[in-house]
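Since each chain comes alone in its own frame, lean on the hints to assemble the complex.
For the protein sequence lines, the chains are A and B, in the order given. If you count by the numbering used here, then the first sequence holds residues 1 to 425, one letter each, in order. If you count by the numbering used here, then the second sequence holds residues 1001 to 1326, one letter each, in order.
Among the hints, a few may not be true.
What the hints assert, rightly or not - FRET-style restraints, in silico, Cβ to Cβ:
1. Gly1281/B - Thr342/A: 57 to 67 angstroms
2. Ser1301/B - Glu132/A: 47 to 57 angstroms
3. Gly1281/B - Asn188/A: 27 to 37 angstroms
4. Ser1248/B - Gly130/A: 36 to 46 angstroms
5. Arg97/A - Asn1243/B: 26 to 36 angstroms
6. Asp1009/B - Pro252/A: 40 to 50 angstroms
7. Ala1132/B - Asp43/A: 49 to 59 angstroms
8. Pro1247/B - Ser184/A: 37 to 47 angstroms
9. Glu161/A - His1219/B: 51 to 61 angstroms
10. Gln1130/B - Asn188/A: 22 to 32 angstroms
Unchecked claim - Partial list, derived from the structure: chain A residues whose beta carbon lies under 7 angstroms from chain B:
11. Glu194
12. Lys196
13. Thr199
14. Leu201
15. Gly202
16. Pro318
17. Ser321
Honestly, the hints are just simulated from the structure, not real lab data. If you're wondering where the values come from, they're calculated on a predicted model, not measured in any experiment. Ideal placement from N, C-alpha and C gives every residue a C-beta, glycine not left out.
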Amino acid sequence: MRIVIRNGRLVCPAQQLDELGDLYIADGRIVAAGKAVDGFTADLEIALEGQFVCPGIVDLSVHTREPGFEHKATIASETEAAVRAGVTSMVCPPTTRPVTDNPSVVELIHQRQTRLDKTRIYPLGALTKGLEGRQLTEVAALRQAGCVGLSNADNPITDTEVLRRAFEYAVGFDLPVFIHPEDSYLRNRGVMHEGKISTRLGLPGIPETAETIAISRALLLIEQTGVRAHFCRLSCARSVELVAAAKQQGLPVSADTGICYLYLTEMNVDGFNSQCHLWPPLRTDRDRQALLEGLRSGVIDAVCSDHQPHDEDAKAAPFSSTEPGASTLEVLAPLAFSLASTRGFKLEHIIGALTCRPASIIGINAGTLAESAPADLFIFDEGSQWTVNAEKLASAGKNTPFDNWEMGGKVTCTIIDGKVMFRDL
Amino acid sequence: MTSHSIQLDQHGRLIHFLTTEGLSRQILTSILDYAESFAGVGGRAIKKVPLLRGKTVANLFFESSTRTRTTFELAAKRLSADVLNINIAMSATSKGEALQDTLHTLEAMHCDLFVVRHGNSGAAHFIAGQVADNVRVINAGDGRHAHPTQAMLDMFTIRRHKPDFESLRIAIVGDIAHSRVARSNIHALNTLGVSDIRVIAPKALIPEDVESLGVQVFHDLNEGLRDVDVITMLRLQRERISNAVLPSEEEYFQCYGLTEARLSVASPDAIVMHPGPINRGIEIDSQVADGERSVILQQVSHGIAIRMAVMAMVMGVAPGDGMVGE
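Excised from the complex, chain B in its bound form (with noise of 0.2 angstroms):
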């Protein structure tokens, strides 16, 4: 069994997403499009779709997360789904049975969707292998592995701005190693037909072997970012310093943080964008993040017309039975 191979049924149907590797160019196309017609509720008087009446989802977060969770929130009940909003602090010595324990309190309460952020990778996976048939997971991130819808509102905002992807130049800028929005970033990309996708970091911060995903490897930024069309800055934790992987953020900044100046080798249209929370003065100058290039607030609502989407696909109620665009 491969990682992905769990979130399609017998007839190449979405009923889990955990990951955007392994799925068809179809099915992320399908996603967005059907995103863009979620984009407008927002914005009605009456901010709700009835697909979801009567499903309960339950958002079960065992690491902490406000806009993740908040945007899962609102799509869910834009969608007119009850929701649960759990928060499970992890203890350190039980967390496997805590994690089983709660999934199966959760199904005697008979929720039908579980969208998960979970500390480990794989833990979507696990428990997408755990619950019964008729329930459903989405990954809201899990450890570095993936984080698919993150993936797919970037795809969005990529998409509004510049619609061809296979002209593309990408630039992902950061913390690759322990990104799980570069990974899900990344095979979405190369699935998307962009076939110029870079990452730039220092070597400590780039995983083994990385180029086996499709990429190319930078850890100088004037060079990496020399005519590229899209730029995704990825957070900097502070523990990558406490852990020697870094020796400060002064210098981080001075070598990786994006400013006007090292914005002026990319292409002049350029977007930049960022999955949050920033780390101002860091990986970014507030400058450009507040700048005219900076298209991070949108990418912020797409989530909710993405996670619409996703959520109303898996549950099968997305018109074509989740194969919209067919």
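Okay, chain A solo, but in the shape it has when bound (with noise of 0.2 angstroms):
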């Protein structure tokens, strides 16, 4: 398939590129962007008027839920959903059931990725067997498989012995760990931030240090044993400031945020509502906005969706016993975007801690559109206003804490491969 894409705005941070101009693709590769291309003959002419045409999405957290809770939803419900929302690489954390801690479960889940041919998936595998924190998985074995990073996802690893052992081991592989910080213990059962509203709510709540803490634990030993480590969904401002003074002593690491801690806080779960039962918790407006000047500032790497769809029970019964987590993919990148006209961000600086940012993180050839680079793209209606409904969302999780917001802006068309998957223009 040839493709020509006239007069879009290209926005490719990796390159420093931001034009009105044309794009090529040929062969599931770009061919060129900007620079016009003598005697191209097209099979489809997408014909824009300035909308913008940035590279794929890279996704660094999304739950497809497959293999184990496919009752939540699926790889083809999830992949389906991601290309409405121009993502078309995602990182799936090892949360699967079997566990993602053996090549059978990655071989499975590009089995069902080749056969549905939508959004790339990167899986990451489990730092620890099961990740019960306590043997080490086979890491040559799931790098061969084609993991791009090691993680423990949502069970912190307590012992302190494992967690070196773990980065050393990871060191010999050059394969990034995953550190969702907390402390499990200051956790405790909490649910929800500690602080005015979960005193008011009567709901258990988490101390930020149950994050810095953790964060702080990770990075003594990242700087013994050098392993390469990438913090995921920093969610206060403490855990920024650890972040930024890392970097500042040449720390190998990088951090993300998902896109409902640049939005939501803690007053966001008054009234008991579940859809903002997330994990780590939404904190303080004070932390919402150091994350948003982490991001910035370049301290944040990248935003990712943090994609957790659910059935409808687990987020109906009372706050406590609802499981974490928000659909999220849709909402992505208009809330992305929309950063720019009401924070102040250089679109391109968004654009890239989506793109080419979180591709660099776990090492792949994607997220930019530079000649002869992977044909992935979207192309991006900032015109076209729609208002979320969780109920025609594409993912098979209605559970989003953002029914009824208005987008500024849409995903309009989405290219994988040099291949149509989405276009809605």
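Following this line, the structure appears as structure tokens:
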């Protein structure tokens, strides 16, 4: 398939490109972005009026729920949601059932993905067997099978010796370790940020120190072992400070946050709103501001959806009994783009946090419109407003905290590997 | 949506009673005034009024309770309602499903009012959001969040002894962090105009940012009790010691237990309250619990009148359609 996209606003932070022009695709690769190609014959011509043409989003955390939790969502449902969201590559945590702690689970995921042929999936392998925090996994085999990183996901390793050894072992395979920083003792049975709102609602709180102590502990072991580490879902101001200092010091660390943490706070939990039951918890507005500043300054490298689709029952219970997580794939791009108009972010910076920077964290050739790069991209129309309707989300998870929110822009076309996967132009 | 808006209809009438937070002074005062009219019913030869005849009240207790359940049962029976008592042991794995299934089953039996006690904060709100439009919900205690009828019977007891709320100094002593009674009392006291509300406890039992609820924090009992008119003692759960929150019951009693000697710094006519059940020798000395300042047993009997008033109001059978005193 040979495609030409005419008159788009081509934005590619990896090449510092932001200009009106045409983009040429052939044989699954980008032929040229901005420059004219003489004698190019296209099978498909997409004519734009200055809408954004960006590298496909590399989402650092999407739970597809498959294998193991197909009553919540499947690889089929979530890759369909992903293409509608402009997400062309996604990292999937090892919290499958069985856990992604051996090559056969990775192969199963890849087989499903290959058959569906939509968004590319990059699984993370479990850092310890069964995510139990005791025995190391066979990292060579996991890497061989295609894992792009290692993680113990939402099961923090409490034994510091195991954590040290896991870091040391990962160093030998040059795989980044994805860390969800949490001290499980301090979290205890907490379900929301410990503060004014948890006090009023009488919900068990999770103190900020549950996150910052875990980051501090990990940073000292990163310093000792030299492992490349990525901190997932920073939620508080102090965490941004800790990661900033570590970067200053030259430690090999990166960090992301989820889109929810840039828009929502503990206040949104008021009324026992289980759609805002997230992990890590939504914190104060001061924390939210610090995360935005961290994103602006580059301390936070990437923004991900942290997409966690749930079945209806998972959220239909008294708050503490509900499961954490939100279905966010389809609001990621519009909410991220809006940061430019509402918070004064440079658009190129935002797009970089969705594309080339996460791509470099997992070391894949994606997130760029450079010549001969894989033709993964999406078109975003800022003029196309829409209102979120939970029931109409493509994701099997209708659990959105953003129901009825106005979105200032829409993904109108997604191309993966040079093929049009979704088009609503 | 805030946590309290669900309990009022579009005209501002009380349709569910889930928390004292966010209710107007007028509504709280109406409850107290209306309860006064029921306070005598228990002393009559025939202890019944026909306000809820033909209605079915289901006491839905997911957490065990003796005094709250029995006073709700008595209150419903004195209003001539039919009463179902359902004690549901919670299984750890299927709380959510069990709860929804139970509700739908009971709805199919055409219950008119659910009185709910549940171990999770927000459970009564969740249920109020699930039931059919004509079904009412009263919160009989949810997790650490709220116990509004307890708060109102405490207000009732306070008002009988000290009718001028605005001049009062009130201390709540003990496990504020885990106490739904403390939260509901603090909201009600603030709304009724009390300006000096103190919470007294070791730091680990004071929740984060509690000052934002409109209270002053004291860690020293003598200092906190100085000149107070009302003292509410809270029950200390044993698990606070097994979970490393506190070192021992003995030391707790030494520092925070209410004794005659400690009471001497309070106002000479101070009253002592306790939501029960009492841990004698842990948070309160028997001499005080049974002494002349104690109004603990009055609280229990006031509980019936308050619960009658609240039930009648949410069911829309109170004079003035739930807006007594308007």
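Going through the hints against the structure:
1. Gly1281/B - Thr342/A: 57 to 67 angstroms: Check passed, 59 angstroms falls within 57 to 67 angstroms.
2. Ser1301/B - Glu132/A: 47 to 57 angstroms: holds (55 angstroms)
3. Gly1281/B - Asn188/A: 27 to 37 angstroms: holds (29 angstroms)
4. Ser1248/B - Gly130/A: 36 to 46 angstroms: Holds, at about 39 angstroms.
5. Arg97/A - Asn1243/B: 26 to 36 angstroms: This hint holds: roughly 31 angstroms between Cβ atoms.
6. Asp1009/B - Pro252/A: 40 to 50 angstroms: Since Asp1009/B and Pro252/A have Cβ atoms about 59 angstroms apart, the given range 40 to 50 angstroms is violated.
7. Ala1132/B - Asp43/A: 49 to 59 angstroms: holds (57 angstroms)
8. Pro1247/B - Ser184/A: 37 to 47 angstroms: Given a distance of about 24 angstroms, which is not inside 37 to 47 angstroms, the answer is violated.
9. Glu161/A - His1219/B: 51 to 61 angstroms: Taking Cβ atoms as reference, Glu161/A and His1219/B lie about 38 angstroms apart, which means the hint is violated.
10. Gln1130/B - Asn188/A: 22 to 32 angstroms: holds (29 angstroms)
11. Glu194: Status holds, d = 5 angstroms.
12. Lys196: Holds, about 4 angstroms.
13. Thr199: Holds. Min distance 4 angstroms.
14. Leu201: OK, holds: Leu201/A within 7 angstroms of chain B, min 6 angstroms.
15. Gly202: holds (3 angstroms)
16. Pro318: holds (4 angstroms)
17. Ser321: The hint holds - Ser321/A has a Cβ within 7 angstroms of chain B, the shortest such distance being about 5 angstroms.
Hint violations for this structure: numbers 6, 8 and 9, all remaining hints satisfied.
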